[in-house]
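Enquirer: So you can see what is in the structure, the chains are spelled out below.
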Amino acid sequence: MIGSLALTSLRRRPLRTFLTALGIAVAVGSTVIFLSLGEGMRRAFAQELRGLGPDLQVSFGPFDGTVFTAVPELPIRYVGTLEAEAERFGITSVTPILLYVRGSLATSTAFVFYGVPADMDPRSLYADFELIAGRSLDPTVPDALEAVIGEQAARRAGMTVGDALRLNPRASFEIVGVASATGGLLDNAILVPLPALQDAIGTTDRVSFLALDLRVPEQASRTAAQIAAAYPELGVQTRGDISSIFERGMQITDVVRLGISGIALIVGAIAVANTMLMSVFERTREFGVVRAVGARPRFLFGLVLIEALLLSLVGAAAGIVLGQVGAHVVNVLAFEVVGVEVAAVTPRLVAFAVAVAAAMGLLAGLLPAARAARIPIAVAVARE
Amino acid sequence: MLRLVLRAKGLGKVYRTPSGEVTALTGFDHTFEPGCVTAVVGPSGSGKSTLLNLLAGFDTPTSGEVWIGNDAVHALPERERSRLRLRRFGFVFQSFNLVAVLSAEQNVALPMGLAGIPSALRRRRATALLERFGLQHRADHLPHRLSGGERQRVALARALANDPDVVFADEPTGSLDSAAGSKVMDALAAVAAEGRIVVLVTHDPTLAGRAQERLRLHDGRLVEVGAPAVLDTRTSIAPHDVGAA
Ligand SMILES: Nc1ncnc2c1ncn2[C@@H]1O[C@H](COP(=O)(O)OP(=O)(O)OP(=O)(O)O)[C@@H](O)[C@H]1O
Ligand SMILES: [Mg+2]
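Read top to bottom, the protein sequences are chains S and V.
The first sequence begins at 0 in numbering that gives the first Met the number 0 and counts up one residue at a time.
The second sequence begins at 0 in numbering that gives the first Met the number 0 and counts up one residue at a time.
Treat the hints as calculated values from the structure; they're not laboratory data.
Quantities reported herein were computed from a predicted structural model and do not represent experimental measurements.
It is possible that part of the hints are untrue.
[As the list claims (entries may be wrong)] Rough simulated footprint, nothing fancy, chain V against chain S, three-plus residues with beta-carbon under 8 Å: (1) 0-9; (2) 282-288; (3) 292-303; (4) 367-378.
Glycine included, every Cβ here is placed at the ideal spot set by N, Cα and C.
Model the full structure from these sequences, guided by the hints.
Expert: So this is what it looks like as structure tokens:
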């Protein structure tokens, strides 16, 4: 009975109900969008990690994330050093990798070049690597000016097998194959033979990092510590390290995003509280009559609280739809720029939004509900 | 069946306001009998509404007692008073009686809902009550689409929803023309004839003239009690003369 009365009250004041619910929808929607960024980035990273092959990654100096953009720093002689220690550390392969980013203002022509040994099987590094057109790099011509391009990179650049990919005025690579690696780094990368890339950028003795495969991958952390102890000048990361560095970064942005969402939600809660207070004030007379015909104070308390809760839940539902649309727009834009979908509206995010909106409705309804319950009948019915 | 009466003893109300104390009612004694309409008349500010509020338990008296049968209205905790209003009292106010977002039928069904009556029975009884007051064709209308007289009759139907012992009406015809007012008065008389106590506050001498009993208040005091026919010829009487009925 109380529920249908609350529902009727909201339905019969459609404009006010709509506007208040809209306020909540915007608050919940922006929360969903902000939080979906974190979810999407976590999801994208989890995918990257799945395709991210090497058990260990060795850089020169501590690993701080700059390895992907900085100039190559790791002397290539460490390949031999580590291969010589293969037995001691349980290393099964050492693969030097040279990264080169061809920056550009037009994002569709910015690329990451991966210089890898031409005889390397990309699958050993990125498990879900799959050639979808053309062929692999020719292992018999280690310095050929040819490239295998990631599917997304190819799509962004509008290129396919046979096209020429210019790295700088001195070097141009012919695309011989297109590969897909679902959501992985390789999807946006361009694999070229290491010597050819070294020639092209004039670096012969340094690479960006070494990818190590281990006999017992589960012991990656221990092996990493051993290598780091033996070669203090090197930075050694396990896949777990990479994910924990990423997770730390995500947690920092979580706090920021939650903070911004919190402000939006507080604004939404104030809107509900304000509407309900106004509504209680306007309905003083009506509430007096309802009390006069026999309703107890707690009936009005519950009525107002349920109205606030319903408003919030309707707003939350609309907000989740809004958030989904927003996240989609973000994804389309992000895909254009970085080739990765960064926003994801996950079930746990939806559950979180609903819970937060419900808590918000109850909290915002508390004061107006208490106000409604305290209305003295005699005063209320005397009012015209 | 035992004849249930509503009895006020030495009832008084003093409002404390920032500008001092206002004595709205003092030493009111009376026994309201079932089966008759008791009209309460008096000039504006004489304490009529105050009296009704105290009788109905909307407000607590500063002195005196109100009894309905064996229940001391003045001493009951709020939840018991709510129960009393729900089960044994009915109300009609001057205007804005109805919950604006509910249809006529839903308004009538409201007290039944509060009393926990199942919805099918609620509907049936609400329909019957509306029919009784000639409002069956208005059942689904919202209050703003009803005429003033129709609204007051819906309010009266709602007052009867839980078969009350007492119906209180504060200026129920105050915003109606005389034809509509007379129709409401007919309905009130019929309600009293069923053996209920009807307390009617009114300014209208014609309506008061149709009541079986008339009380006149002045400055918070009961100054006259009488049947309509003899009221004009009687002067004032002392409250204790009538309180012991
Ligand atoms: N809540 C209140 N606070 C202070 N004074 C009040 C309050 N309610 C009523 N009064 C005062 O008590 C006196 C009686 O008021 P009451 O409303 O009972 O008169 P009434 O006979 O119903 O008048 P009317 O015919 O205008 O409705 C008046 O002087 C009024 O100003
Ligand atoms: Mg009055």
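Enquirer: Hint by hint, say whether it matches the structure.
Expert: Comparing the hints with the structure gives:
1. For the stretch 0-9 of chain S, the stated coverage by chain V is satisfied: 4 residues place a CB nearer than 8 Å to a CB of that chain, which reaches the threshold of 3.
2. Given as covered by chain V, the stretch 282-288 of chain S passes the check, having 3 residues with a CB less than 8 Å from a CB of that chain where 3 are the minimum.
3. For the stretch 292-303 of chain S, the assignment as covered by chain V holds, since 6 residues bring a beta-carbon within under 8 Å of that chain's beta-carbons and 3 suffice.
4. With 3 residues having a beta carbon nearer than 8 Å to a beta carbon of chain V, the stretch 367-378 of chain S meets the requirement of three or more and the stated coverage holds.
Every hint from the earlier list agrees with this structure, and none is contradicted.
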